[in-house]
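These protein sequence lines are chains A and B, in that order. Residue 334 is where the first sequence starts when you use the numbering used here, and the numbers rise one by one after that. Residue 16 is where the second sequence starts when you use the numbering used here, and the numbers rise one by one after that.
Incorrect hints may have been included.
Computed Cβ-Cβ distance ranges for the label pairs, DEER-style [what the hints assert, rightly or not]:
1. A:D685 x B:L132: 31 to 41 angstroms
2. A:D377 x B:P145: 24 to 34 angstroms
3. B:Y371 x A:G389: 31 to 41 angstroms
4. B:R171 x A:Y645: 32 to 42 angstroms
5. B:G194 x A:T553: 12 to 22 angstroms
6. B:E343 x A:K679: 26 to 36 angstroms
7. B:D133 x A:P549: 36 to 46 angstroms
8. A:G673 x B:Y371: 42 to 52 angstroms
9. A:N538 x B:G213: 25 to 35 angstroms
10. A:I393 x B:L132: 50 to 60 angstroms
11. A:K737 x B:A336: 25 to 35 angstroms
12. A:K679 x B:L373: 54 to 64 angstroms
Just some of the chain A residues that point at chain B, by a computed CB distance under 8 angstroms [stated by the list, open to error]:
13. L387
14. W431
15. K460
16. A461
17. K463
18. Y521
Partial list, computed: chain A residues near chain B (C-beta under 8 angstroms) [unchecked claim]:
19. D377
20. T390
21. E421
22. D430
23. A435
24. E436
25. K443
26. E444
27. Q484
28. D520
29. T541
30. I542
31. L591
32. T592
33. T688
34. E690
Just so you know, the hints here were simulated from the structure itself, not pulled from any lab data. The structure presented is a predicted model; accordingly, all values stated were derived computationally and were not measured. Cβ atoms here follow ideal geometry from the backbone N, Cα and C, with glycine treated the same way.
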Amino acid sequence: MYSLRGRRTGALLIAVALALTACGSKTGENESSSSGAVADTSGDTVKVGLLNSLSGTMAISEVTVRDSIKLAVEEINASGGVLGKKLEPISEDGASDWPTFAEKAEKLIKEDRVAAVFGCWTSASRKAVKPVFEENKALLFYPVQYEGLEQSPYIFYTGATTNQQIVPGLDYLKSQGKTSVYLVGSDYVFPRTANKIIKAYAAANGMTILGEDYAPLGSTEFGTIVNKVKASKASAVFNTLNGDSNVAFFKEYKSAGLTAATMPVVSVSIAEEEVKSIGTQYLADQLTAWNYYQTTPGAANEKFVKAYKAKYGADKPTSDPMEAAYVSVYLWKAMVEKAGSFEVAKVKAASDGVTFEAPEGTVTIDGATQHIYKTARIGKVGGDGLITEVWNSGSPVKPDPYLKGYAWATGLS
Amino acid sequence: MTSTVERPVSAPPAASRRRFVSKAPLRAGAGLAAAAVLLFAVAPVALSDFRLSLLAKYLCFAMVAVGIGLAWGRGGLLTLGQGVFFGLGGYAMAMHMKLADAGPGQMPDFMLLYGQLDALPWWWAPFRSPYFALPATVLLPMLVAFLLGSLVFRRRVRGAYFAILSQALAAALAIFLIGQQGTTGGTNGLTDFQGFFGYDLDDPVNQRMVYFIVAGSLLALLLIARQLIKSRYGELLVAVRDSEERVRFLGYNPANVKLVAYVVAAGMAGLAGALFVPAVGIINPALIGIVPSIEFVIGVAVGGRATLLGPVIGAVAVAWARTTLSEEFPAAWTYLQGLLFVLVVAFLPGGLASVYRLLKERRHGRA
């Protein structure tokens with residue numbers, strides 16, 4: 334009797350389902366089928382979303398980004414807010430889990446109706462939330478250097494793209510006569526794509542790639558890789574390892590007798606925060622490629638470093654992604670004020686040419702790519718754990734996420 | 016009090032036989048009807064579009080849980096690798112949706128970016144056809160489970176060894192997918208889907224539709240599980256769980272009995288994975304590795320593994336708690352989640368499904 338009822342229920346469900354199918358729109362039938370979530374700007378305050386991993390493997394990095402976004406929000410509120418409205422930050426935990434990022438992004442947009450979201454770190458989390466922002470026509474500010482080859486109309490990229498970090502790093506190596514390079518990276522999208530670009534650059538610039546090795550994210554076993562690196566007699570190593578793996582890699586590197594003098598390592602994911610956790614004794618004189626260091630000169634940076642340390646502790650360093658996140662809030666403010674509205678379409682339209690006197694120097698939004706002009710900087714790790722600049726690009730580099738301006742990069746995208 | 020101590024799920028054979036002839040299946044029938052009303056009448060009215068799409072995600076986990084309840088709760092097969100089957104189903108569906116988005120003869124967007132391939136890899140090609148992809152979401156996991164299960168169960172691998180083996184498989188598949196960035200999307204996985212069999216996924220009406228399909232599928236799986244549990248095979252499965260040797264001496268082959276439960280559970284996980292993709296819009300290696308595979312099992316343990324509806328309640332409760340706690344306490348929710356699990360395991364060994372029975376016993380005790 335019960336199974337009969339079950340079958341009847343099943344039949345009913347199918348009927349309901351079939352009846353409902355008729356209602357939805359088909360793909361391509363109606364482009365504006367979803368009008369997008371509208372931010373709630375009716376009250377005295379405007380909500381902004383903070384989307385970072387506060388738990389899981391990425392928390393150690395992303396919490397610092399969340400902290401510097403909060404600092405920027407507080408500073409803006411103290412000076413009167415945006416268009417006369419105070420900002421109300423809503424923080425969500427992406428939990429180092431990409432579907433969770435998508436879920437939380439949707440919650441911030443649809444339930445909290447925030448005017449903009451700041452955050453995400455890994456490329457995978459950005460790829461997971463990208464369709465959510467595009468579908469709801471909402472804004473995301475992404476503050477971390479990444480592998481390029483992306484240009485979503487609803488994301489502003491305030492970290493470096495490849496031609497503002499990796500290409501200058503390679504230019505620097507070439508200028509130093511380091512023409513044989515070994516590639517070491519974590520096994521995920523950023524290192525694999527970065528190395529593809531490096532190989533194309535090398536082929537066109539007379540550099541040789543002696544080897545390419547990947548370790549799983551979080552791996553701490555580097556004996557084999559370091560032995561291969563040593564045996565290759567490369568003149569430099571290009572390191573795209575992320576997180577904990579760097580600790581194991583550099584310890585192994587040092588115990589194999591390799592030093593910055595004999596075979597320098599250029600790292601693109603080691604900033605001040607990571608230097609502290611790896612230990613300066615393992616990193617002394619190694620190279621990094623970024624757009625900002627805590628030691629970058631200028632009044633804007635002095636103010637930023639001072640404010641950050643006053644709020645979070647004197648022993649807390651500031652780093653490139655933190656600075657880019659801090660800058661992204663101010664850039665959004667400038668865009669909103671230029672547009673005179675919180676409306677996403679108007680903010681986007683006003684974006685081109687918006688500038689901000691950032692801790693890293695003047696940054697300008699390139700409206701066409703929604704990336705920003707940034708000065709490339711090569712730094713050397715000092716004994717005090719800080720990174721000092723040894724070279725910079727002189728002026729901010731125009732963002733080129735698809736490397737269209739580089740002949741050697743044709744066929745990469 | 017003594018009865019509470021005896022309750023743990025690995026109850027002695029006599030007790031479980033008694034449970035079999037008791038009214039439990041009848042109550043499960045009433046529970047099923049209640050679940051149908053909740054899912055189809057209450058939830059769509061009471062929840063916003065956003066919450067309803069979250070519920071669709073939880074229900075996908077619940078579908079995996081139904082299978083685990085069958086294999087582990089009934090059959091004693093502690094499978095720590097259901098992520099593999101979830102992933103196979105999910106990737107099969109995602110590959111089809113990617114190809115459908117790309118259009119006839121075109122390659123998916125991420126392959127052009129990362130793969131630099133001249134042509135679609137041969138193993139992608141068949142997924143262009145919905146007539147291949149749809150059955151594959153269920154049959155592919157079942158085939159893998161059949162091959163693995165026939166090897167393992169015949170060799171009488173069981174207990175912790177089986178659990179470790181199933182877990183290693185989950186780790187291996189996740190690592191393999193990450194390494195093949197050009198053809199599988201690597202850590203990014205497959206995401207950014209426009210349509211689901213021609214229906215625009217951006218449209219809230221279609222999102223609701225996906226929810227109804229998920230809810231309907233879950234009920235269908237529950238009916239299948241219920242029929243299996245009630246059947247003679249179901250009794251045999253419990254017998255194998257409680258005393259495999261005795262069943263062997265009675266002339267049955269326990270390997271085949273276990274194989275059926277394992278393969279059915281894999282098919283359920285595959286269907287769950289396939290529906291997860293349109294419901295959530297992403298499938299990636301992080302969803303199929305060791306951690307999510309264990310989380311599936313945690314949900315089942317919290318709900319009560321040996322009952323029909325327990326695993327569903329547990330999976331939904333754990334996922335729901337995860338969302339709510341992380342919204343309320345973004346910095347502390349992982350601790351709360353752990354605490355919840357410890358409390359349930361310590362004080363409710365039969366899972367949430369045993370609350371009703373506990374309360375009833377307590378009332379009787381007082382009277």
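Hint check:
no.: 1; hint: A:D685 x B:L132: 31 to 41 angstroms; result: holds, 35 angstroms
no.: 2; hint: A:D377 x B:P145: 24 to 34 angstroms; result: violated, 52 angstroms
no.: 3; hint: B:Y371 x A:G389: 31 to 41 angstroms; result: holds, 35 angstroms
no.: 4; hint: B:R171 x A:Y645: 32 to 42 angstroms; result: violated, 58 angstroms
no.: 5; hint: B:G194 x A:T553: 12 to 22 angstroms; result: holds, 19 angstroms
no.: 6; hint: B:E343 x A:K679: 26 to 36 angstroms; result: holds, 34 angstroms
no.: 7; hint: B:D133 x A:P549: 36 to 46 angstroms; result: violated, 29 angstroms
no.: 8; hint: A:G673 x B:Y371: 42 to 52 angstroms; result: violated, 59 angstroms
no.: 9; hint: A:N538 x B:G213: 25 to 35 angstroms; result: violated, 48 angstroms
no.: 10; hint: A:I393 x B:L132: 50 to 60 angstroms; result: violated, 36 angstroms
no.: 11; hint: A:K737 x B:A336: 25 to 35 angstroms; result: violated, 48 angstroms
no.: 12; hint: A:K679 x B:L373: 54 to 64 angstroms; result: holds, 59 angstroms
no.: 13; hint: L387; result: holds, 5 angstroms
no.: 14; hint: W431; result: holds, 6 angstroms
no.: 15; hint: K460; result: holds, 4 angstroms
no.: 16; hint: A461; result: holds, 5 angstroms
no.: 17; hint: K463; result: holds, 6 angstroms
no.: 18; hint: Y521; result: holds, 4 angstroms
no.: 19; hint: D377; result: violated, 24 angstroms
no.: 20; hint: T390; result: violated, 11 angstroms
no.: 21; hint: E421; result: violated, 15 angstroms
no.: 22; hint: D430; result: holds, 6 angstroms
no.: 23; hint: A435; result: holds, 6 angstroms
no.: 24; hint: E436; result: holds, 7 angstroms
no.: 25; hint: K443; result: holds, 4 angstroms
no.: 26; hint: E444; result: holds, 6 angstroms
no.: 27; hint: Q484; result: violated, 11 angstroms
no.: 28; hint: D520; result: holds, 6 angstroms
no.: 29; hint: T541; result: violated, 21 angstroms
no.: 30; hint: I542; result: violated, 16 angstroms
no.: 31; hint: L591; result: violated, 27 angstroms
no.: 32; hint: T592; result: violated, 32 angstroms
no.: 33; hint: T688; result: violated, 31 angstroms
no.: 34; hint: E690; result: violated, 32 angstroms
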